[in-house]
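Student: Listed here are the chains, written in short residue letters.
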Amino acid sequence: MKLPLGWVRDFADIVTTPHEYAERMTMSGSKVEGFECEADGIKNVVIGKILSLEKHPDSDHLWVCSVDIGEADPIVIVTGAQNLKVGDLCPAALDGSTLPGGIKIRRGKLRGVESNGMLCSLGELSLTVHDFPNAIEDGIMVLDEEWPTGTDAVHALGLDDVSVEFEITPNRPDCLSIRGLARESAATYGVEFKDHTPEAPRGEGDIQEMLKVDISAPVCSRYVAAMVTNVRVAPSPRWLRERLRLCGVRPINNIVDITNYVMLEYGHPMHAFDYAYVGGKSIQVRMATEDEKIVTLDGVERALTTDMMVIADDKVPMAVAGVMGGEFSGIYDTTKTIVFEGACFDGPSVRVTAKKLGMRTEASGRFEKGLNPANCLPAIYRALELVKELDAGDIIGGVIDVYPQPRLPREIPLRPDAINKLLGTDVSVEEMINILEPLGFEVEKKALAGLFDKEHAYTVIVPPERYDVARDCDLAEEVCRYVGYNKVPSTIMHGTATARPSERQIFHDKMIQALVGYGLYECETFSFYGKKAWDNITLPETPPLRRAVVIPTPLGEDPSIMRPTAVPSLLDVVARNYNARVEEVAVFENATEYISAENPEELPTENEKFILAMYGEGHDYLALKGIVEQLLASAGIKNAAFVRNTDGTTYHPGRTADIMLGDVKLGCIGELHPKVLANYGIKPRTCVADISFDLLFEHRGGTPEFKPLPKHPAMTRDLALVCEEEVAAADIAARIQKGAGKLLESLTLFDIYRGENLGTGKKSLAYKLVLRTAERTLTDEEADNAVKKVLKNLEEINVVLRS
Amino acid sequence: MMKQALETIRTNAEELLKKADSEAALEELRVRFLGKKGELTAILKQMGSLSNEERPVMGALANEIRTALDTEIRARSKELADALMEARLVAESIDVTLPGAKVAQGKRHPFQQVLDEMKEIFLGMGFEIKAGPEIELDHYNFEMLNMPKSHPARDTQDTFYITENMLLRTQTSPMQIRTMEIQKPPIRIICPGRVYRSDAVDATHSPLFHQIEGLVVDKGITFTDLKGTLEAFIKKLYGENTRVRFRPHHFPYTEPSAEMDMSCFKCGGKGCSLCKGEGWIEILGCGMVHPKVLENCGIDSEEFSGFAFGIGLERIAMMRYGIDDMRLLYENDLRFLRQF
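As you go down the protein sequences, you meet chains Y and B in turn. The opening residue of the first sequence carries number 1 in my numbering; numbering runs sequentially from there. The opening residue of the second sequence carries number 1 in my numbering; numbering runs sequentially from there.
In case anyone wonders, no lab produced these hints; they're calculated from the structure. Computed from a predicted structure; not experimentally measured. Errors might be hidden in some of the hints.
No farther apart than 27 Å at their CA atoms in a straight line, the calculated lysine-lysine pairs in the DSSO-like style are these [claimed, not checked]:
| id | chain 1 | residue 1 | chain 2 | residue 2 |
| --- | --- | --- | --- | --- |
| 1 | Y | K85 | Y | K212 |
| 2 | B | K270 | Y | K421 |
| 3 | Y | K421 | B | K266 |
| 4 | Y | K315 | Y | K281 |
| 5 | B | K266 | Y | K31 |
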């Protein structure tokens, strides 16, 4: 909402600088976004008078003008414009002047003739013919008013008022108006709010004989109509055009400008219909019928539905109520008689209609927030007043006011103790009243019906435009913002509270710190992506991973599903880093994945994952497996198995394992399938682990239990074993474990060897076994027996000692 | 005779001792003169042949020589060992300025680092940390927060709807409701998490960002408590000299509502490019929980009151590190992540 300071001064005597005003209004609750003055962009431009015009000696289109700029001697300015004559007044930018957009004007020679500045067009001053209807667009701006030469053009053209931009919160539609903001300004500055009450103007004839208004729509609370005939469409006077322009509204003609002016002043959108197009001399406020259509002012045909309110004549809709007029609802050169509409349409209804039609307009934006029906009549009166002042037509006597259920002022108790209790303050009731009354609230020393205790000694009568105020807390805000949010003290909450992170949060932090400690960088990626991501990781066509939550109105094409797997998100990160020539990547994300429920009305399941990804020197499958093993150890999870999985499509079928804890799949790990790498344009081998945080937490180990340090020495035995290439190390380890039983303290694979001497298709694995028992020193014989059992177990899968 | 022999041993031994330049040579000397079969022992064996008067005199002399030699050998031995150690230390000198061996160490994402710090502060003030669903019911995201279907404030939060009743949460505030539904006051919680608005991606906007919601409900909680708590939080996060101010604002689920500004931490409030010359930086939105919200959750609004606040995490992280483009936070370029 833009507010010209000059307009506020119609209602309140405020002397201030824009900066100070912005600060005070912001702190009292009307947030100022900024302020601007058109004059700021224009410097050293004055009104000049053309004393003489001569053809440039060396050009067939340039003119050499002698211009009186209010100094002793006229100056010479060369111009290319063809619309000037002697005696014209026009803006002259002098040497060293500035024009909007930061353009600097300097003295210079034009084809040998020195020019001491520039005569300006509308465009060069950032103006249009809407602002100055008597000027032309393709030539120098010639003033239609007398001004002494040398007058600052900013002043002469009325560009020196300041427009303050407010951010109005949705609860204060009343502040989307000059009057509303003026009232806040007056209260902020502690000066009188000088409201203007427009009078019902007298007119010829009787509107009741010319027009009939019926409301059948339940979502219209009031409809006021007035009429003007012998309309004299013309440009509005300058003061009015200036105010509209400062509010960011383009001046059109006096009738349209009046509706806009009243909308700005009262915050109430108005409409003007051409009476000639009101069929049957009847205005019907009704819901649209089945299959009804309207061509709106913007020339688009729109299909209406029965939940949309229209303003119709006896046959067809003339406007979508509160949103936009129809094509025949405008003001034309031929317009003779007009009908002004000042109505109050239900906010939610207008909101839904505007949304359905995809048409958010200035009017709909205001109606949506809920307007005050009490304003309809003053707004119409104000419009008629302006018609009279501007001589824009002849007013027809009377108004039609259909207001079936007038809104009554709301009465609420003023409970000073409750307000102070909420605020933590000690504001007296007198002070509260002194704050409330200038804001338009009336406070009476009486109890509301049925309430007689001391708490209810006062009653607040809420003005109709402040329907946001309904209870103690609302009054508390009014009191607090005028006492000053920063004047009330800051206190420490009473009582004690103990808090600590939950077990899950502690575990979560421990896992993240572990991953970071292993050299992985934490990432944060978007939770959604396009379906193409599934193709990129060659996800199978079958559920459950494709059972995703779809966002029906995504931003553009791309983010359209909530990710059921975060692997593509991390691969995007890997690809981006690869393209940025990062040599080594080791990253992870603590990602949420979303699996939709069977019933689409139930909330989806949100799973927490760790996705790890790495490439680069030393970042191969085993390196990642080492990290995962360490992570599992940190989680206190023992006995997880890595089980080869050859079925996957995302991973390399020969380099993938499921991470199993008994029957529970904690996740998987593998090198990416070369096809997937190709889809992402990633050249180096890349490994990914996909681990459920939820399951890690569920199966986490408890507090470790102390075991006494060994008192007896250990025995070690090294075994060099030979077997077929296909035999899995995990199987060998399992058999060693089983054979050595409780005596086995630790088992380390310390060498893998392949060579011709072993024969093709064979490998040798060397293990170190540490054997110990807590009770006594083991004998050689006991150790040898254990090894014998181990070897017997291994023979069953054709693993033998290397000879 | 014997005296002369003893003196000769002393002279010879001392001569040889001077020449001994290794531990082995010293050992040889020790054996030759002091050993069980050494020269001194040999002479002492002849003591029996001496007269009663000479015996103690010679004995004393022999012992004196033995002690002296032993001491000298030990001293020489230590001298040699010290020289050896000295030589070894010189020989083993390395370039201590060579780069250290690489240790793999990752880092948390920058805004997680900031979030960790904020969590610590709130935990210290007695706030529990809660988490809730990102795909949320309209009921929790709007309805219960005093924003019925037709509420104009809904327009300020461009929402991704999944179905008519389900959406991507636009704020972490639904956790207020979820908490109050199952927990009776006193309540002190924060809820950090991802939130979604249908904004296109640019340097300052993102369809996904992070918020920290806070909620306190108890008997006698006041607006001055809200001020005091948030002021304490900001001072702990940005330093004791930070000043704050509260501006009136509007949220449908709080009344009175406010926005809190902090004095610009870059210029200290004098005005600079970071605070756009204002000296203040907008940091969070807050307010007293609307009684209707309490009542929606079955909490008696006459007996209990509370306050709530919401903080944008990205903004705080970006300001802290001087990051000028929000997109960097979600691109995860390692050259970016390594910096924090």
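Student: Evaluate each hint against the coordinates.
Tutor: Taking the hints in turn, this is what the structure says about them:
1. K85/Y - K212/Y: The hint is violated at about 54 Å.
2. K270/B - K421/Y: 36 Å, violated
3. K421/Y - K266/B: Distance of about 37 Å is beyond 27 Å: violated.
4. K315/Y - K281/Y: 11 Å, holds
5. K266/B - K31/Y: Holds, at roughly 24 Å.
In terms of the numbered hints stated before, the structure departs from hints 1, 2, 3, listed from lowest to highest.
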